[in-house]
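Using the sequences plus the hints, can you model the full thing?
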Amino acid sequence: MIKRIWKKSSLFPISIGIVTGIIILACGDFGGDEFTHSFFPPEITHEEKYAEFFYTPDPLYVSTRKSSYLEDFNEVNIEEWGSYFQKQVKDKDLEYILYKARAGEIDTLIFSIKKSGWYPTGNELKSNTVLKIKDTRTALDFLYYVGYAKRCEKYGTYEYQYWYDDRDKDKDPRKDISGMNALVAGGLKQMTNPKSDFIKQRYVFQLLRLYYISKQYDNCIQFYTKQKTLLETNSNSMKYRTMGYAAGAYYGLKQFGMANYLYSVIYSDNDIMRVSAYFSFHPQEEKDWNQTLAMAKSPKEKAVLWQMLGIYHDSFRSLKEIYAIDPKSDLLSMLLTRSINIDEGNFVFGPGELTMQENPDSTTNLTGMKGDQELFRFVKEVAGKENTTKPYEWNLAAGYLAWTNRDKSFAAYLSKAKSEAVGDTLVWEECKLIGLLDKIDNGKAGNRKFEESIVPELIWLEVAKHPEHFPRDFARQYIFDELSDKYLLIGDSVKYTCFSCANNKPIIQKLSLLNKMEQFIDKNNKTTFDQYALNQLPYSKKDIVEIQAVNLLYKFRFKDALAKLNEADSAGNEPPYGDPFQVHINDCHDCDNNGYSLYSADEFGDTNMPEVNNRKDFIQAMVDLEGKIKSDPLHKAHTYFLLANGYYNMSYFGNNRSFYDTKATYMQYAGFDYKYYSNDTINDPWPFYMDCGKAMDYYLKAMNASNSSEFKAKCCFMAAKCEQNYFYTHRPKDFKGDFRAGKYFGILKANYSNTEYYKEIIKECGYFSKYANSNR
Amino acid sequence: MSMSRRKYLNGCLFIVTLIIAVSCRHPRINADKAFYYWRSNFSLSEKDKSYLQNVAVSKLYLHFFDVSWNDEYNKVLPVDEIKFDSTFTNTFQYVPVVFIANKALDKTPLDSIDELSRHILNEVSHIAGANNVNFKELQFDCDWTDGTRRKYFDLLTYFHKEMNQAGKLLSATIRLHQIKYAEKTGVPPVDRGMLMFYNMGKINSVPGYNSIYNTRDANNYASHIASYPLPLDIALPVFGWAICVREGKVTGIIEKAVDKDFSDTSMFSSGGTDIFVSHKAFFFHGKYFMKNDTVKLEQVTPDLCKSAAENAGRYLKDERRTVTLFDYDSIYLTNYDKKDLEKIFSLSN
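If you read the protein sequences in the order shown, they are chains A and B.
Numbering follows my numbering, in which position 444 of the first sequence is assigned residue number 444; successive positions increment by one, without gaps.
Position in the second sequence (first residue = 1) + 1000 = my numbering.
If you are wondering where the hints come from, they were derived from the structure by calculation, not from laboratory data.
Don't take each hint at face value.
[Stated by the list, open to error] A short, non-exhaustive set of chain B residues, derived as facing chain A with CB atoms under 7 angstroms:
1. E1072
2. Y1073
3. L1077
4. P1078
5. H1119
6. N1122
7. A1281
8. F1282
9. F1283
[Claimed, not checked] Computed spacing ranges between beta-carbons, pair by pair:
10. B:Y1181 <-> A:K770: 30 to 36 angstroms
11. B:Y1181 <-> A:K449: 53 to 59 angstroms
12. B:R1118 <-> A:K370: 54 to 60 angstroms
[Said to hold, decoys possible] Below, simulated EDC-like cross-link-like pairs (lysine to aspartate or glutamate); rule was C-alpha separation at most 20 angstroms, straight line:
13. B:K1291 <-> A:E286
14. B:K1343 <-> B:D1329
15. B:K1249 <-> A:D372
16. B:K1083 <-> A:D172
17. A:K287 <-> B:D1264
18. B:K1107 <-> A:D58
19. A:K215 <-> A:D172
20. A:K150 <-> A:E71
21. B:K1184 <-> A:D738
22. B:K1280 <-> A:D288
23. B:K1049 <-> B:D1337
24. B:K1075 <-> A:D165
25. B:K1180 <-> B:D1146
26. B:K1280 <-> B:D1264
27. B:K1291 <-> A:E321
28. B:K1260 <-> A:E286
29. A:K287 <-> B:D1261
30. B:K1280 <-> A:E374
31. A:K370 <-> A:D441
32. A:K171 <-> A:E153
Cβ atoms here follow ideal geometry from the backbone N, Cα and C, with glycine treated the same way.
This is the structure we're talking about:
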């Protein structure tokens, strides 16, 4: 599904930023975030030239946008100069002269050639093969040009620093208009000297760049027009690089028709500049677009313009236009895949993205929604004519669209596509996949024949080595979504669970379902489809048992939880995060986990603490402690206290909230903000694990059952902590601050201020210390 | 007492009550009157100056630049920097405004916020210094999110310190949802807030629904204004735009659009009040229209703006503030006469 989320911008309207030569539409925050799911990879075209322009939510399909184009032509330049010297100068020597040598070194080389016998210092120059060129005029023309180019370089290669404090350190040379004008004057004179058109073309390039940078757009265009014949002789990179500056100049003068035409020529003919030309192409009004179209000198040029429009705005319209111009055009393939991928936004949805309520016509997510019928008709028509360069693309596209339209002719189109693309594994597997999707679409859940027939193909999808770009993962997700819907409809909650959980949906924690899942796992005579479904379930028997046990544990049904854990080996073996029967004045779960306390050695120390090595031990200890209340009434207070600690520590606020964690359950509110949350800031009631009520009950029971003031003080303080936790989750909206003294702080102060423990609390607990020192 | 006498007395009482009620509802303290100036080239002709002075405008908020993320350069950069022409004088009080796109904050690591702040500060100082713009207040505009709040507030903290040391004020634009959910969205660490009393609804293609300003949306939020902890200036809309819609989805906006822009019947036909439908595919104002695309024109008329002003006045605390209009653009302002503007600036109807 293609999602478009438009974000509202700064109130303030949307702006258009212009960066030299390249026009970037800057949308502020008013941008589109989108992602796409597809069964139709554009790579079926094996198109390389225009692969960057396959459909994608990103600026480019293959690569990311570049921040600098400065080095794009380095290799080509060396290659072209190599041809100029008929390969008599080594590439590395050319590279040194062109990109590394200082202007002074170029002068030295010139002197060396002119005054034979006088050699420059430095090995790089001494051994440079340009000095060995017999036709010294050829070498000198080159060196004079390079000297000139190096003087132009600071203007031509300057990359604008956007932040003032960056650019202040590095003065912008482009403000030096007189410097550029002097170079223009010098260049115009100097370019008459060389005998070779090749070098003259390069002077023209330098001059056009200077005109463009200094914003002399009229001069730039006039000079380009004057030198056009020269630039088109012995066509090389200069033809397109100069054309780029001319296009920029036209754009600067708002002559969009011509600017866009030139950009389209570069886009079509120059591999290196294709992407930047594409980004620069911006028709503004219908009039200038029509002007551009009228400038096209051939059907091919016209088709290129339509292709560019297709990439930017309207793939299907362009597809029709280009097909009308030339059915054999190689510009059709990319636009065909774009049109299909865009159309998929109407009917392909990712798992769970479309509810059955939204799609009531079908139990499936896909075939209930229709794509563009005009596109479907057109693709069928072209496929039928078989008059394109790659008919298989059209047959595959027609087959795919036919299938999505529940048109049974899809199989015939796919069969034709296979016969036309012999040995093309991506196309063949696409055809096979569409066949499988159709089978699943039409199959009946619970029908043994259907189930058995799809297993081999599902396994093929799952484990076979597929060609690159084959949409295995999306197909797999889609199929699981389809199957889970189908089994839900016939009331097979087990298979529904297998397939929906395979797509990362949460398991429904209903006891009856979990029991069924257990039985299904234990079932002896599974069919191959049963086994396949079970293989997709991301839960083992142990996981299912633990989910059930944890649900019982948090209903405080300790015995039942224990019995459940005993049903699977190794269930409940996770170690505790800290000692679940230990508590402190200030909670420090990580300290408990590390086995030490930052505070007094053993604030609630006890020699008869239950030993807990895992979750099962903890539950067993709770069972034992419950039993001990009756069996050992003498130590009732102490037992109540330990039970209270257990209840406290298994809650969100305790050191073993991880007891709740299983593959399907976890405590939310990990980032619970004690200073912020109130009843008004959450929509739903607080989950049960945020409640310390049970712990509080037991602290009060312990307090009542004891005669020791010290012990009572401890119980009372812990009750106060439970009371404070309640406050955190029920704070009135307008309450300022993060603490309110409750009933048990009052009791502590009134009744236990003479205990040692009271002094400890004053020392450790800032809230209480503040409260105790107040006059309340 | 005769019946007629009783009626007269009741009438007097009614009038007195009404006057008191109106006095309570509308702040009496004179506001500083201002405009946002949101064009990239700052140029005020003598005619502009006398127009502004005639309606007693003393302050202009100048869009200095945007701070945005540039995909191509992979950097946070300033764009759309203001350019001043040679006629600039300090006739008015000026408040530089910097818009920060959320993506720019998203892409800046928290520990680089100070560096970004320095860049922005130097940029503002450079533009102001190079053009002799004196200012006593700097404003930031950002529709911060949960994800960018911390970074944005750190940036504001940096500027708050810098501005206060320089004896200047720092303000930030506040959207209505940030007022209503202040606990959740946080209150920016600035001296004043500029409440944007518009763009509160969802931009959509529903005919008759004005997403720039409509009373129903405003009232959903407005009752929270009085309890907002920052002193508030207020910005009211005097602008319009055209919303471009394809198959029910908004595809873009054409700024500063008026109905005559869509009068070419070879391209558009009327689809109802303020609605235009394209009957073929074409380029138009840099955008591409497909057949059956819809354009919905939204404008804030003087009456609607007066209603917004009156509504805002009802909820704002009675204190001195700036009332500013967005934005200074003759296309729409020609519809407003002096009396309209006086009423709007006074937040009364």
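Cross-check of the supplied hints:
{"no.": "1", "hint": "E1072", "in the structure": "holds, 5 angstroms"}
{"no.": "2", "hint": "Y1073", "in the structure": "holds, 4 angstroms"}
{"no.": "3", "hint": "L1077", "in the structure": "holds, 4 angstroms"}
{"no.": "4", "hint": "P1078", "in the structure": "holds, 6 angstroms"}
{"no.": "5", "hint": "H1119", "in the structure": "holds, 5 angstroms"}
{"no.": "6", "hint": "N1122", "in the structure": "holds, 4 angstroms"}
{"no.": "7", "hint": "A1281", "in the structure": "holds, 6 angstroms"}
{"no.": "8", "hint": "F1282", "in the structure": "holds, 4 angstroms"}
{"no.": "9", "hint": "F1283", "in the structure": "holds, 5 angstroms"}
{"no.": "10", "hint": "B:Y1181 <-> A:K770: 30 to 36 angstroms", "in the structure": "holds, 31 angstroms"}
{"no.": "11", "hint": "B:Y1181 <-> A:K449: 53 to 59 angstroms", "in the structure": "holds, 57 angstroms"}
{"no.": "12", "hint": "B:R1118 <-> A:K370: 54 to 60 angstroms", "in the structure": "holds, 55 angstroms"}
{"no.": "13", "hint": "B:K1291 <-> A:E286", "in the structure": "holds, 14 angstroms"}
{"no.": "14", "hint": "B:K1343 <-> B:D1329", "in the structure": "holds, 19 angstroms"}
{"no.": "15", "hint": "B:K1249 <-> A:D372", "in the structure": "holds, 17 angstroms"}
{"no.": "16", "hint": "B:K1083 <-> A:D172", "in the structure": "holds, 17 angstroms"}
{"no.": "17", "hint": "A:K287 <-> B:D1264", "in the structure": "holds, 13 angstroms"}
{"no.": "18", "hint": "B:K1107 <-> A:D58", "in the structure": "holds, 17 angstroms"}
{"no.": "19", "hint": "A:K215 <-> A:D172", "in the structure": "holds, 14 angstroms"}
{"no.": "20", "hint": "A:K150 <-> A:E71", "in the structure": "holds, 15 angstroms"}
{"no.": "21", "hint": "B:K1184 <-> A:D738", "in the structure": "holds, 16 angstroms"}
{"no.": "22", "hint": "B:K1280 <-> A:D288", "in the structure": "holds, 17 angstroms"}
{"no.": "23", "hint": "B:K1049 <-> B:D1337", "in the structure": "holds, 16 angstroms"}
{"no.": "24", "hint": "B:K1075 <-> A:D165", "in the structure": "holds, 15 angstroms"}
{"no.": "25", "hint": "B:K1180 <-> B:D1146", "in the structure": "holds, 15 angstroms"}
{"no.": "26", "hint": "B:K1280 <-> B:D1264", "in the structure": "holds, 12 angstroms"}
{"no.": "27", "hint": "B:K1291 <-> A:E321", "in the structure": "holds, 16 angstroms"}
{"no.": "28", "hint": "B:K1260 <-> A:E286", "in the structure": "holds, 17 angstroms"}
{"no.": "29", "hint": "A:K287 <-> B:D1261", "in the structure": "holds, 15 angstroms"}
{"no.": "30", "hint": "B:K1280 <-> A:E374", "in the structure": "holds, 16 angstroms"}
{"no.": "31", "hint": "A:K370 <-> A:D441", "in the structure": "holds, 15 angstroms"}
{"no.": "32", "hint": "A:K171 <-> A:E153", "in the structure": "holds, 15 angstroms"}
Checked against the numbered hints above, the structure violates none of them.
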